[in-house]
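Here are the chains, one letter per residue:
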Amino acid sequence: MAHMGMKKQRMISSVVYHLLVAAFGFIMIYPLLWMIMSSFKESSTIFREAHRLIPESFHFENYTNGWRGFGGYTFGTFFKNSFIISVTASIGAVLSSAIIAFGFARLRFPGRNIWFTCVMMTMMLPFQVVMIPQFLIFKKLNWINTMLPITVPYFFGQAFFIFQNMQFIRGIPMELDESARIDGCSYYGIFLWIILPLIKPSIITTSIFSFMWRWDDFFGALLYLNSPSKYTLSIALKMFSDPSAQSDWGAMFAMSTLSIIPILVIFLIFQKNLTDGIATEGLKE
Amino acid sequence: MTAMPQPRRAKRKKPASLSEFLCRESVAGYMFISLFIIGFLVFTIIPMIASLYLSFTNYNILGDAKWIGIANYVKMFTRDSKYLKSLSVTFFYAFVSVPLKLLMALIVAMIMTRQSRVTGLYRSVYYLPSIIGGSVAVAVMWKQLFASDGVINSVLQALSINSTKSWIGSRDSAIWVLILLTVWQFGSSMLIFLAGLKQIPKTYYEAATMDGAGKVRGFFSITLPLLTPTIFFNLVMQTINGFMVFNSGYIITQGKPLNSTLFYALYLYQKAFTDYDMGYACAMAWVLLVIIGLMTALLFSSSRRWVFYQGAR
Numbered sequence: 011m012a013h014m015g016m017k018k019q020r021m022i023s024s025v026v027y028h029l030l031v032a033a034f035g036f037i038m039i040y041p042l043l044w045m046i047m048s049s050f051k052e053s054s055t056i057f058r059e060a061h062r063l064i065p066e067s068f069h070f071e072n073y074t075n076g077w078r079g080f081g082g083y084t085f086g087t088f089f090k091n092s093f094i095i096s097v098t099a100s101i102g103a104v105l106s107s108a109i110i111a112f113g114f115a116r117l118r119f120p121g122r123n124i125w126f127t128c129v130m131m132t133m134m135l136p137f138q139v140v141m142i143p144q145f146l147i148f149k150k151l152n153w154i155n156t157m158l159p160i161t162v163p164y165f166f167g168q169a170f171f172i173f174q175n176m177q178f179i180r181g182i183p184m185e186l187d188e189s190a191r192i193d194g195c196s197y198y199g200i201f202l203w204i205i206l207p208l209i210k211p212s213i214i215t216t217s218i219f220s221f222m223w224r225w226d227d228f229f230g231a232l233l234y235l236n237s238p239s240k241y242t243l244s245i246a247l248k249m250f251s252d253p254s255a256q257s258d259w260g261a262m263f264a265m266s267t268l269s270i271i272p273i274l275v276i277f278l279i280f281q282k283n284l285t286d287g288i289a290t291e292g293l294k295e
Numbered sequence: 050m051t052a053m054p055q056p057r058r059a060k061r062k063k064p065a066s067l068s069e070f071l072c073r074e075s076v077a078g079y080m081f082i083s084l085f086i087i088g089f090l091v092f093t094i095i096p097m098i099a100s101l102y103l104s105f106t107n108y109n110i111l112g113d114a115k116w117i118g119i120a121n122y123v124k125m126f127t128r129d130s131k132y133l134k135s136l137s138v139t140f141f142y143a144f145v146s147v148p149l150k151l152l153m154a155l156i157v158a159m160i161m162t163r164q165s166r167v168t169g170l171y172r173s174v175y176y177l178p179s180i181i182g183g184s185v186a187v188a189v190m191w192k193q194l195f196a197s198d199g200v201i202n203s204v205l206q207a208l209s210i211n212s213t214k215s216w217i218g219s220r221d222s223a224i225w226v227l228i229l230l231t232v233w234q235f236g237s238s239m240l241i242f243l244a245g246l247k248q249i250p251k252t253y254y255e256a257a258t259m260d261g262a263g264k265v266r267g268f269f270s271i272t273l274p275l276l277t278p279t280i281f282f283n284l285v286m287q288t289i290n291g292f293m294v295f296n297s298g299y300i301i302t303q304g305k306p307l308n309s310t311l312f313y314a315l316y317l318y319q320k321a322f323t324d325y326d327m328g329y330a331c332a333m334a335w336v337l338l339v340i341i342g343l344m345t346a347l348l349f350s351s352s353r354r355w356v357f358y359q360g361a362r
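As given, the protein sequences belong to chains A and B, one line each in that order. Following our numbering, the numbering of the first sequence begins with 11 at its first residue and continues without gaps. Following our numbering, the numbering of the second sequence begins with 50 at its first residue and continues without gaps.
For reference, chain A alone in the conformation it holds in the complex (with noise of 0.2 Å):
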């Protein structure tokens, strides 16, 4: 009897926990869930009816009015923009970091710790301190309003992505490199062909991370792109849910909701590279 009750007890407290971490759960994701359900809520009754989560009736009109855009643009061209920026800005990223970390990782050369402090400083400095005389660089080359300044600085390597790389080629015993070596292989040769191949898993966390935070970036859109035709998805939302601009709230969200997708999407999918990458290394935002 003793023994049933200790079950029966075990019982109720894992019951209690899951329903307690469930409703928690529910609690941290009901703001995206309300945002998602208003997208397909009648616009005007959104604010009326903010406490219910489903919609009476689906309303899908809502996408189709703000795919529409402004500016004489659609969202489409906003999309285009922001993925080519994302794409362009994380493959060079995700390269250069990969190439620079196994410069620091394998090679001895004099003034490797120093630089390597410099690597560790970018991660700590505030962009604001470089932010003016950017601009101005930026501004000389006539690059304001192009996706240049957005892209460009991203293909010279990133702290975080080069540290993480380092510590995967750093799990890589030395006797591949050093077996290499003595069958002729120079060192470009010996990150390209066997290096290389080996920190997939590191590259494919990386660019998934640099393609989120590209996706997202809204700073760098806001200094440089003015035109519509240029905007990303990050500055282009901004703008929609300017007072000014319109007040259709349906359509924001429906907007919004579609501009969250390809990281949901992303999330989903690579949900095990990531939650390891934040474990391992530390990695945020």
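Below, in silico cross-link-like pairs of lysine-lysine (DSS-like), each with a Cα-Cα straight-line distance of 30 Å or less:
| no. | chain 1 | residue 1 | chain 2 | residue 2 |
| --- | --- | --- | --- | --- |
| 1 | A | Lys17 | B | Lys247 |
| 2 | B | Lys305 | A | Lys240 |
| 3 | B | Lys247 | A | Lys282 |
| 4 | A | Lys90 | A | Lys240 |
| 5 | A | Lys18 | B | Lys264 |
| 6 | B | Lys115 | A | Lys149 |
Label pairs and their calculated CB-CB ranges:
| no. | chain 1 | residue 1 | chain 2 | residue 2 | range |
| --- | --- | --- | --- | --- | --- |
| 7 | A | Arg191 | B | Gln303 | 58 to 64 Å |
| 8 | A | Ser237 | B | Thr345 | 36 to 42 Å |
| 9 | A | Thr156 | B | Arg354 | 47 to 53 Å |
| 10 | A | Gly81 | B | Ile94 | 34 to 40 Å |
| 11 | B | Arg354 | A | Met131 | 23 to 29 Å |
| 12 | B | Leu347 | A | Trp77 | 48 to 54 Å |
| 13 | B | Thr258 | A | Gln281 | 33 to 39 Å |
| 14 | A | Asp252 | B | Phe282 | 37 to 43 Å |
| 15 | B | Leu208 | A | Arg180 | 53 to 59 Å |
| 16 | B | Asp221 | A | Gln281 | 35 to 41 Å |
| 17 | A | Leu208 | B | Arg266 | 43 to 49 Å |
| 18 | A | Glu52 | B | Thr258 | 57 to 63 Å |
| 19 | B | Ile117 | A | Lys210 | 50 to 56 Å |
| 20 | A | Glu52 | B | Arg354 | 56 to 62 Å |
Partial chain A-side listing against chain B, Cβ under 7 Å, derived:
| no. | residue |
| --- | --- |
| 21 | Val31 |
| 22 | Gly35 |
| 23 | Met45 |
| 24 | Ala60 |
| 25 | His61 |
| 26 | Ile110 |
| 27 | Gly113 |
| 28 | Leu117 |
| 29 | Val140 |
| 30 | Pro143 |
| 31 | Gly167 |
| 32 | Ser196 |
| 33 | Ser244 |
| 34 | Ser251 |
| 35 | Ser269 |
FYI, nobody ran anything at the bench for these hints, they're computed from the structure. Built from N, CA and C at the ideal position, the CB exists for glycine as well.
Take the given structure of chain A and dock chain B to it, following the hints.
Quick look at chain B alone, frame taken from chain A:
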């Protein structure tokens, strides 16, 4: 094999060819990090020097920069009450949101250590806000949650609490709306804590139980001390980020009402790109750098007293 060394040795004596030069370890090292060095010089060092110079000038982007000595710095602390306000708003925000976020992350991580079939699902749900929380879509949605006719008031009214105030329109509550948005994104810190918790050997707890220590004692004597390096790492990174907060203040409240959410980075942006007072904005940026440097140094020096590194690895 032994017949060949003669010509090869002769070849070595010649001036090194380009490929031989490139194959030296030190040269190859610099080749690999050359991208970083170029980027570092062009996008960090030169702009840093330029911004330090500009901080001592009056520069409005159109004319030439006029040297005015430390006038910008003096003005900041003596004649610009809006600046001092932005400083206090940012300190308040960082000192409230970072501890709250980390406390939340730690508590939830502790709860998550209980293994079950759905733990992975819970972890993802709690992590999701961190993934999308920085987006404009979420900021705009957050604004509507706390509007006078938003979800929060609707729910309160449904619970028959009569609330019609606009949470972002009131001086007392606006900053808390932004703090809540930050705390909501505790997921990434939680994952780092979870990784730290996993590294604590189970045998420690077993030994503690044998000695008659309860769960609470176990937490304060084993978990917490062994987790201090992880807490420290989180604290440093989140504090740095906290001082640089911009997006939520810009998108949700525009620094309003009555400058109660005027973050440092937001005021700096307004000075630079609304007023085109670029010299002043550069001076502000350098003060921010000093503040962040001091905070980091303070955390590091305090760490000797409370961060517990387990043996030598």
